[in-house]
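S.K.: Under our numbering, the first residue of the sequence shown is numbered 123, with each subsequent residue one higher.
Rather than coming from a laboratory, the hints here were simulated on the basis of the structure. It is possible that part of the hints are untrue.
Unchecked claim - Computed Cβ-Cβ distance ranges for the label pairs, DEER-style: (1) K227 <-> F365: 19 to 27 Å; (2) M123 <-> A406: 31 to 39 Å; (3) G429 <-> R485: 45 to 53 Å; (4) R221 <-> T457: 25 to 33 Å; (5) K124 <-> R254: 41 to 49 Å; (6) D208 <-> A440: 43 to 51 Å; (7) Y459 <-> K224: 29 to 37 Å; (8) L452 <-> E356: 48 to 56 Å; (9) L197 <-> F298: 24 to 32 Å; (10) A465 <-> F298: 25 to 33 Å; (11) M123 <-> R221: 21 to 29 Å.
Quick caveat, the model's predicted, so the values are computed rather than measured. Glycine included, every Cβ here is placed at the ideal spot set by N, Cα and C.
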Amino acid sequence: MKLYLIAGERSGDLHGSNLTKALKAKDSTLLLRGFGGDEMKKAGVDIFVHYEQLAFMGFVALLTNIFTIFKYIRLCKNDIAEFKPDAIILIDYGGFNRRIAKYGKKRGIKVFYYITPKVWAWYQSRAFELQRNIDRMFVILPFEKNFFKEKCNWDVDYVGNPVLDAIKSFNPDPDFGIKNRIDRSKKIVALLPGSRKMELKRIVPLMAEVVKQNPGYQFIVAAVSNLSTGLYGELATIENVKFVKDASYDLLTMADAAIVTSGTATLETGIFKVPQVVVYKMGALEYQLVSRLVKVKFISLVNLIAGKEVIKELIQDAAQQEQVNSELQLLLSDTHYRSTMLAEYSSIFKTLDTGSASENTARLMLEALK
């Protein structure tokens with residue numbers, strides 16, 4: 123049996139690799155090919171295009187690279203036609219994968235979607251498009267199942283959250299602190315600015331301002347190895363800042379608090395029980411467009427899952443040094459504030475913990491292909 127997987131981002135590569143391992147554990151004869159990254163390759167996927175060639179974030183970046191994106195959509199369609207898979211497995215990356223879903227449906231190929239596009243946040247009418255083109259949808263947030271049922275009477279599968287899979291299988295490095303010369307006598311603040319260049323460009327200067335106001339804390343940046351240190355700007359020159367690469371989980375096991383760019387990292391930080399504040403900025407034009415389209419109250423997964431504000435979100439004009447620093451002091455010094463947040467984290471964990479998302483999804487996919 124042949125399967126074609128498509129992941130267009132770093133997080134999708136990680137979740138795609140865990141899904142691949144689960145699929146191969148159930149059927150070692152599977153042939154897998156597609157778009158992805160190093161983790162999927164290590165798991166056994168023949169990578170046709172690396173996701174780094176597709177990592178465009180935001181409306182402006184998408185518009186300026188639109189011809190490149192359409193080129194890769196054409197390449198993807200041609201490769202699928204040549205590979206002749208029994209099913210296409212789409213992993214997040216909505217703008218690209220929605221087009222491939224339509225293509226697969228027209229060619230009579232089964233189409234599975236793992237980690238749905240966030241149509242509940244904006245463009246809710248696209249739920250109907252997904253329903254037309256997807257044979258089976260596997261969602262990872264509890265409220266998504268209710269959304270699709272209420273919006274278009276579509277029964278989708280809630281399989282659990284793959285972030286829990288990754289964290290449960292994580293083995294902390296006992297020598298992490300020593301290797302990175304982390305000063306445990308100081309409070310440790312994790313900085314998670316994301317892995318996209320445009321996010322770094324807007325968030326790093328803000329983080330640097332906060333760091334300079336707090337020389338008594340040890341700030342540690344969760345960097346990624348595929349980005350040059352130069353992208354972290356002034357943070358790389360400040361004395362009480364250290365960098366660790368591809369080790370955010372190890373960092374979170376030691377952190378007293380965190381400043382996080384919205385994304386999967388907010389949920390990971392919550393599961394590691396680290397008090398956090400979320401900061402996010404985008405271009406002015408992009409913000410105006412997004413603010414008119416968004417249908418949800420929050421941007422962080424922690425708050426979305428809880429259905430209320432558990433962690434402070436400082437977005438756009440609210441993402442200023444004074445506000446971030448004020449929240450950071452609360453996170454580090456207010457015992458009641460911290461304990462309330464940690465209790466909410468525990469409730470979220472219980473909601474998400476339904477077993478292995480990767481194994482649940484692999485089982486359901488293979489059953490559907492029998």
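S.K.: All the hints need checking, so say for each whether the structure fits it.
M.R.: Cross-check of the supplied hints:
no.: 1; hint: K227 <-> F365: 19 to 27 Å; verdict: 45 Å, violated
no.: 2; hint: M123 <-> A406: 31 to 39 Å; verdict: 49 Å, violated
no.: 3; hint: G429 <-> R485: 45 to 53 Å; verdict: 29 Å, violated
no.: 4; hint: R221 <-> T457: 25 to 33 Å; verdict: 51 Å, violated
no.: 5; hint: K124 <-> R254: 41 to 49 Å; verdict: 24 Å, violated
no.: 6; hint: D208 <-> A440: 43 to 51 Å; verdict: 49 Å, holds
no.: 7; hint: Y459 <-> K224: 29 to 37 Å; verdict: 48 Å, violated
no.: 8; hint: L452 <-> E356: 48 to 56 Å; verdict: 25 Å, violated
no.: 9; hint: L197 <-> F298: 24 to 32 Å; verdict: 40 Å, violated
no.: 10; hint: A465 <-> F298: 25 to 33 Å; verdict: 27 Å, holds
no.: 11; hint: M123 <-> R221: 21 to 29 Å; verdict: 24 Å, holds
The earlier numbered hints that this structure contradicts are 1, 2, 3, 4, 5, 7, 8 and 9.
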